[in-house]
Amino acid sequence: MADLVDWLDTLPSAAPAISPAGIDALGRVANTLRTLAEGTQPIETGHTLVHNNSTSIIDQLPTERAHTLSLYAPFHGAGGHALEALIERFQPSTIAIAVQTQDLGDPVSIRNRTVIDPPALRRVAEKAGVSLSFLATAPHPYRHGKLIEATLANGHTWTLTGSANLSKAALLNAVINGGNSEVGLITQPVATSLFPPTDGAPLDGARLQTVTLLDSTGDVTPREPVTLLSAEIHDGQIVVNLSGPAPFAVTVEISHYRSQPDEHTTLGRIPVGAVTHAFEADYPGGSRVRLSWTTSEDTRTSSASARPLIDRGTVRRRVSSGSGNKHTPTEPTQFFEDPATSAAWLNAVQTMATQQATKTFTPRTPPPAPVAAGLAPAQGWLTIDDPDTWQGYLDDATTRLGETMVVFALGGLPRMAALTAATPTAAPDWVDRPDKQDASAEEGATIEEIEETAPTETTDTPPRDWARLTRQRTTAERKRVRNWLRTVVDAMPQVAAIDRLAMYRIMLLGTGGRFWEADTGPDGWFDLLADATVHLDGHDIPSALYGPIGAAAAAGTYLLDQCVTPGSDTRDAHTYRHVVEAVEHLLLGIDDVALDQTLDNIPDPSGLAIDAQVVRARADLITDPNPVKNLIADARRLIDDLDDIALLRPGVWRLVGEFTDPGRAAAAILGLAPEEPVVAAWATGRNERWALLIRHGSTLTWVDRHGGHNRYRDFPLGQMVTPSSLAVNPQMQVDRRVRVNNITVPTDAAAEALEHCRVWIEDSGPEVTS
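Per our numbering, residue 11 is the first one in the sequence shown, and the count goes up by one each step.
Bear in mind the hints are in silico, worked out from the structure with no lab data behind them.
Below, in silico cross-link-like pairs of lysine to aspartate or glutamate (EDC-like), each with a Cα-Cα straight-line distance of 20 Å or less: (1) LYS137 x ASP214; (2) LYS178 x ASP127; (3) LYS639 x GLU273; (4) LYS639 x ASP653; (5) LYS639 x ASP654; (6) LYS639 x ASP621; (7) LYS178 x ASP69.
Full structure from sequences and hints, please.
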């Protein structure tokens, strides 16, 4: 613990490129750990934490001579300097390096996923007289761990694990001397080897492929001349912090929290030499800030440097548990662990909902008409606007669902204790009762008065543990949970709106569990979530629930959208469009706080965090369709390494990126573009390779640069021949081309299409006039 605190304490001074907010956060964590360490008794575990803030990693490794070194890293530095230093320090007799191979059957070379230069490593080993062998480990999943494992002559073994690759910048240099920032854990002794499993047979080092991080020209990709560390709201201004003095005037652009990610407004310019600059502007936290610059050599936008706008004054109000202990461990996955609990709760909800069907609340305003075709209204509930009636609605739901599940439905993360209790044990969390919430409150005081005088709560909520949800399960367990979720979804149309919301959030939570055989298909979550999303709607939704229900629907439609390939015409695509039509109106009432809470409590099936801004942007495209914005959003999902895309003029798209096949990228745009008489897509990829594809009528004209000449090819389009199918199938291009000779000039139809698009082809590439 003390070693970890030392690392955090010294990191800001060693690595100056940390934002002020980051430095503050490091300090808070270090102080918390320091307090924890001071109040506990140290226990020796055989582990030592090392970092390279001021001393290189290699200088902190054990000094005993090693008989064998077993090494793995996804990245080996050029020249073999790290291996040379390890040999010099430990004088091993043999070294084994694991490599993630992809194709062992190629007689010429062995393809691999590891960034490595085998000839350089072999030269280093041969010079030192050390026996070096390369061993193949499975190519999937990608192995990102790093390992130095040393076995001594007496059989004892120690290991170094952590962040350091086998490179000079990671192992041999300290941060203060320009090295990477690395941290690792030395473990000794080690009972079981951590070396990746291999078949034991050495690879032919001469056939092992050399993989580097250089581009196709052999040059290292240049670093950004300036980096945006942070942008923060402070005293009504937006303060921008750079990694160092601006080498030239830098423009700052901002995208509002509610705007599309590709819509930016110029905030102002940072003068030459400035490291920090403040702008007078009013934008909410979460807006996106990026840099752009213009020099004599290039003009570009540094979208890779985009950072969220930090608002430290924003505090999310957390729902506390009814027990009075704000830090009661939360276990939202108990439904997926205990069959008795899950079955009993669902049975109780359905039974009590049937018993209370005779109880009707009188709304202050007439209820809206049913909005979901074919959905029978849930009995006994109407739209409720009156505060007292709403409170009665919540009390009734608490009796039926249990307090924790009502909190869960409204966006909070529940305590899964006594979920099936018939009556609540405490007042609902939405009831402000100062005398119950604060022992020092005076009777009759308002909640505002209490909050003005109450000390600030600075303790963070303990981290959530999703281990139960994401553990590996048996076939029978997976099937049981899937069947139970199907029962939950099927029951949704028969219960009240708040019950449906609770059930829907259980389904959302379930999408992240390891009990699906795939995302789609009969044993996937896609169809089940689609049904649940449609069932979420009803004519009985109280106005106070529109925000939480809209947020839940936005999360669900986003997850469904991620399973559908943009522009496809598959069964899943049809299902998704049906869901969108059924719940589109619900997305008009999204509450941003409810959306944040919903996404915060639901793990993404891919294991990644779900960005609320992206979900909101997708929902906005559903409620306010814009063909251009829709195509841009779909293109960014469909095309890897796409940097920028724009509509130059009606029907003419321009895209730029680091993709290697501009023809395939342009074809993807034509597949997304609406049916028009003429549509063109001009793509420029890596090494300035370009392709222009024009769809005019039932013909595709493909223009590119080939053999030092501009090449014009025409293909007839049909049901089986599309721009995308041609782009991925070179043989189809040969078989389907209209002409073989004289392809350096366009046909009359192609020339007419080019003129229609106002595109002229020069030796340097296309030019578009307005």
